[in-house]
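What follows is each chain in one-letter form.
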Amino acid sequence: MLNLYGSEISGVEEELNEGIGKTMVIDRLSTDLSMLKVLFPFVSYIKIGWGLAFLTDTNSLIHRISQIKSYGIGVSNGGTFLETCFVRGKFEKGLNLLKNSGFNYIEISEGVCNIPKKERKIAAEFAKSNDLILIMEVGKKRIAEQLTLNETIDKISEAQEFEPDTIIIEGRETGKGVEIYDELGNIKWDWADSILECISLEKVMFEAPLEKQQVELILRYGKEINLGNVSVDSVASLASQRLSLRGDTFSMDKHMEVFEGSPATKFVLHIIKNSIKIDQGSLISATGLSRRTVQNALTELIDSGLIQENTDIRDLRRKIYSFIR
Amino acid sequence: MLNLYGSEISGVEEELNEGIGKTMVIDRLSTDLSMLKVLFPFVSYIKIGWGLAFLTDTNSLIHRISQIKSYGIGVSNGGTFLETCFVRGKFEKGLNLLKNSGFNYIEISEGVCNIPKKERKIAAEFAKSNDLILIMEVGKKRIAEQLTLNETIDKISEAQEFEPDTIIIEGRETGKGVEIYDELGNIKWDWADSILECISLEKVMFEAPLEKQQVELILRYGKEINLGNVSVDSVASLASQRLSLRGDTFSMDKHMEVFEGSPATKFVLHIIKNSIKIDQGSLISATGLSRRTVQNALTELIDSGLIQENTDIRDLRRKIYSFIR
Amino acid sequence: MLNLYGSEISGVEEELNEGIGKTMVIDRLSTDLSMLKVLFPFVSYIKIGWGLAFLTDTNSLIHRISQIKSYGIGVSNGGTFLETCFVRGKFEKGLNLLKNSGFNYIEISEGVCNIPKKERKIAAEFAKSNDLILIMEVGKKRIAEQLTLNETIDKISEAQEFEPDTIIIEGRETGKGVEIYDELGNIKWDWADSILECISLEKVMFEAPLEKQQVELILRYGKEINLGNVSVDSVASLASQRLSLRGDTFSMDKHMEVFEGSPATKFVLHIIKNSIKIDQGSLISATGLSRRTVQNALTELIDSGLIQENTDIRDLRRKIYSFIR
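Chains as they are written, first to last, in the numbering used here: chain L, 823 to 1147; chain C, 823 to 1147; chain Y, 823 to 1147.
Worth double-checking, as some hints may not be accurate.
The list cannot tell twin chains apart, which means a pair is met if one copy fits it or any two copies do.
[Stated by the list, open to error] Simulated crosslink set (BS3-like; lysine-lysine; CA at most 27 Å straight-line):
| # | residue 1 | residue 2 |
| --- | --- | --- |
| 1 | Lys-921 | Lys-1045 |
| 2 | Lys-940 | Lys-1099 |
| 3 | Lys-912 | Lys-1010 |
| 4 | Lys-912 | Lys-1088 |
| 5 | Lys-859 | Lys-891 |
| 6 | Lys-950 | Lys-921 |
| 7 | Lys-1099 | Lys-977 |
Hints were generated in silico from the structure; no laboratory data involved.
Given these sequences and hints, build the entire structure.
Encoded structure:
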C-alpha cells in the first residue's frame, strides 16, 4: 500500500503490518461493501453476525462472501449459526454449508447452549482438513449464565486443546455485563489480566464493541491486541487509535518524544490526563495495576514534572494527583 | 426465496412469510439502498422520516421511491409532512404531491398539531380512491403534550372509524418518554396490554426504535407483532430475533425442544435468565403479567428443574428465584 | 434546486440558501458517498476525521476528495493531521500534502499539542496564497487540559488575528466534558453566550455531535448557527430542524402563525413544552437566559394563554409552569 502521508511523514506505512493486532468487524448486512475499498487494510476478518446466514438467500450470501474475500479479508459465521445447527441435530450439515458458501473462518461458540466435546472435535478436524481457520469463543450471552473468572480460564484451557487460530472472549454487541465488562461496560482489569496470564496476546481476541473499551485495551496492552465485534463505523477510528493518530492515544506514539516511560506509567498518565483530580485508590481501580506499580508510576511522573501531588483540602490525609498543563 | 440454510436446517424458508409481523424502517436518506438487495424480505415499508420529502429535490425523491418499490417494499411519508401541509392550509395539495411522487402508503399523524376530523376523512377517502394504503398514528411528540392511556385508547377508537390498514403508536426515534415507553425507554406493560385489548395484533404497530424494546415486545407478544421506526442497522438483528436466531430469543424457538411452556412462562423464564436473582414483585413489574400468572409460571419452572427458589438471606420473608445452569 | 414540495407548499426552496448556517460533517470513511446525491445541499464541507488521511492509500484518498468536491462540497483535514505533522517536525510538508491531495479547507487545531504562532502564521499564509479556506479550532481534547472560559475567549481573539474563514469550538465526537458542554453533554449557556459576544454568529462554528445539542442551539440562536461534527446519519435530521420540519423546531416556523414572540420567549416555551412542570429557577438554568428575560417571557406566555402558573403543592412558596394543551 502506497501512502504519501504514511511514507513521508508518519512512518505509518512501515508500521501497518508490523505488530498491529487483528480486527474482527461485525456485519449487520446494512452496509454497502464499497467502503472496504478504503478500509480493507484495517480489517482482518468480517463476522456475519448471529444466525444471519440463515436469513439471506443463498446467492446473495455467496456473492457477499466472495466480495469480502476479494479484498483479502476473511469471513466468519456468527457463533449462533452452529449452535442452532447443533440444537436441530444438524451440526455436520451446518459445517458443510459454511464451507460450500465460501466461509474461510469457522467460529464455534457456546453462547446460548453447550456444544459437547465430540462436536467441537468434529468441527476442529473439519476446519483442519478443509484449510479453514478455526475460531473458538468462550463466554455466555445471558446474564444469569455468566461464567466466573475461573470457569472462563478453564474454558480457555479446554479450547486450547483444539488448537484454534484464535480464542475469542465474548463481549456481545453491547459490551456490558459479560465476561471482562461490568454492567456499565467498564473493564474488569483483574479479569483481563488473568486471562492474559493463561493465553498469549496473539492467540486471544477480546470482543470490544465500544470505542472507549477499544482505547483502554490499546492503552493497557498495546496496539498488538486483537479486538472483535468492532462496528463498521468504528474501523477507521480504531485504526487511528492503534497508530496513535487520535487524541486519546496520541501520547503513546513512539515518534513523539514527550515522555518515554513504561506502558504502566503511560497508562497512569493517560488516566490522570483524563481526570480533573484523582487519588491513588481510584488510580488503582481505574488501571487495575498493583498499588506498587501505581506508586512507582506516580513517583516517575512527578519527577518528570508531568503531574503534581496535592493534599485534598476536604480530607487532609488524602493525596490527589493532577496533570500539569 | 431460496436459501439452502433455510430449507435444509432451520426451516426458516417456510416460516418467512408465515406469521411474521410487519417491519417499518425509517429512512434518514444517508443509506445507500443497495443493502435492500439482501434485506428486502425483512422490510414491509420504509418511511421517509419527518418532513424530509420537502428537502430532497423532486427527481431524487421520485427516483428513491421507485428504487425502494422495485424491491416490493412500500414507501410512506413521515407524519410531519401532512401536519406541515395542514398548518399552511395546503392539506389536499400535500396529498396529491405524495401520490404524484409515488408514495403508496399515506401516514396521517397528530404528533405536533391536531388535524380536524374533516381533513382526516379527506385523507382516508383520498387513499381509498387512489389505492394507497392508509396509516394513522396515535400519540404526541412533546413531553408536555403526552396523552394519557385513556386518551390513547380513545384516539385509537376514533382512528378505527377511518378503517386504516394499520394504526401506529408513536415511539419517536428515541423510544423514551412517549406512549408505552417511560423516560428510560422501559415498556409500560399495562399500557401495551390495554392497547392490545382494544385493537388486534395485526392492526396495530408499535414504534420501537431500541433493539431492547424490539426483543421484549417479541418475547411478550410473539414474532407476529408489527414494529416501526426500526433503523436500517437493526433490520437484520430484528429479523434474527423474530426467527429465534439470536441469543435473546433463542429459547422461543419452536424447533428447540428444551422447554415447552406457555408464552407467559417463557417470558418469566427469559427475565429470570437475564437477572442474577429476582423476586416475585420484580418479576411482576418486569413482565407486566398478573401475580397469579407469574406464580403459576414459577411453579411450572421449578417443577421442570429450570429455576430454583431460595430464601433471601438479607430478608428471610422474601423468596428469590434464579436460573439453574 | 427544484422541489415541487418546496416551491408549492413549504416555501423551503427560497429559504434553502437564505440564512441557513454552515454544516460540517465528519467522515469516518465507512459511508458510501452516493448518499450525497440527495444530501449535498445540506452539507457545507466534510472533515476527514483525526489522522485518517494518513491511513488511506493515496489514490483512494485523492479519489474520495474529488468525489466529494464534485458535489460542490468542501473537504477539510481533521486537526490532528497537522498536529501530528508538527510533532514530527514536518508541518510545512503536511500543508503541501494536503494541498496536493485536493483538500480545499485547511484546519489548524491545538487539540492535543500546542502549535506555536510561527507555524500558525505559516499555515495562514499558505492557505491564503493557495486559495484554501482557513479554519482554526479552539479547545483541548483531554479532560485535564480543558480551557477555562476566559482562556477560550483569549484563544478566539488570538485566532482572529490570522483572519480564518471560521473558528471552530471543540466538541469532540462525544459532545461531553469539552468547552461549552458539561459532562452529560448539556450546554453551558453562559459559555456559549460569552463566546458569541466576542465573535459573530457567521464566523464561529460549534461542534455539536448530539442531535439534542443541535436542536437546542438552533432554538436558541436560530437556523443561522454553524454546526460541526455532525454525523452522516444526522444530516437530514439537522436540515429538518433548521427548516422547522421536525417536531422539536416545528413551532419556530415563521409560516406557522400560532405564536409570534421573541426568540427568548419561544425558547422558554420550548422548554416548558418539553417538561411536565418546571419552576423559574430551572427555566433560568435550562435556557441560560437572565432572570428578567425569563420573567418577561413567562408573563407574555401566560397572557397569550399558552401556559399556566400554579402553586407547587409540595412547597407553597414555589410557582410552577406548565403548557396548556
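Hint-by-hint comparison with the structure:
In this assembly of identical chains, Lys-921 and Lys-1045 lie within 27 Å of each other by CA distance neither inside one copy nor across copies; the values are 32 Å within and 31 Å between. Taking identical chains as interchangeable, the C-alpha atoms of Lys-940 and Lys-1099 are never at most 27 Å apart, the minima being 54 Å within one chain and 33 Å between chains. For the identical chains of this complex, Lys-912 and Lys-1010 are neighbours neither inside a copy (37 Å) nor across copies (40 Å), given an alpha-carbon limit of 27 Å. For a Cα distance limit of 27 Å, the shortest separation of Lys-912 from Lys-1088 across copies, 25 Å, qualifies, whereas the shortest one inside one copy, 50 Å, does not.
Taking identical chains as interchangeable, the C-alpha atoms of Lys-859 and Lys-891 lie at most 27 Å apart whether they share a chain (12 Å) or sit on different chains (19 Å). With identical chains, the CA atoms of Lys-950 and Lys-921 are at most 27 Å apart within one copy only, with a shortest distance of 12 Å there and 51 Å across copies. In the homo-oligomer, the alpha carbons of Lys-1099 and Lys-977 lie at most 27 Å apart only across protomers (24 Å), although the nearest pairing inside one protomer, at 40 Å, exceeds that limit.
Comparing the model with each earlier hint shows violations of hints 1, 2, 3; every other hint is respected.
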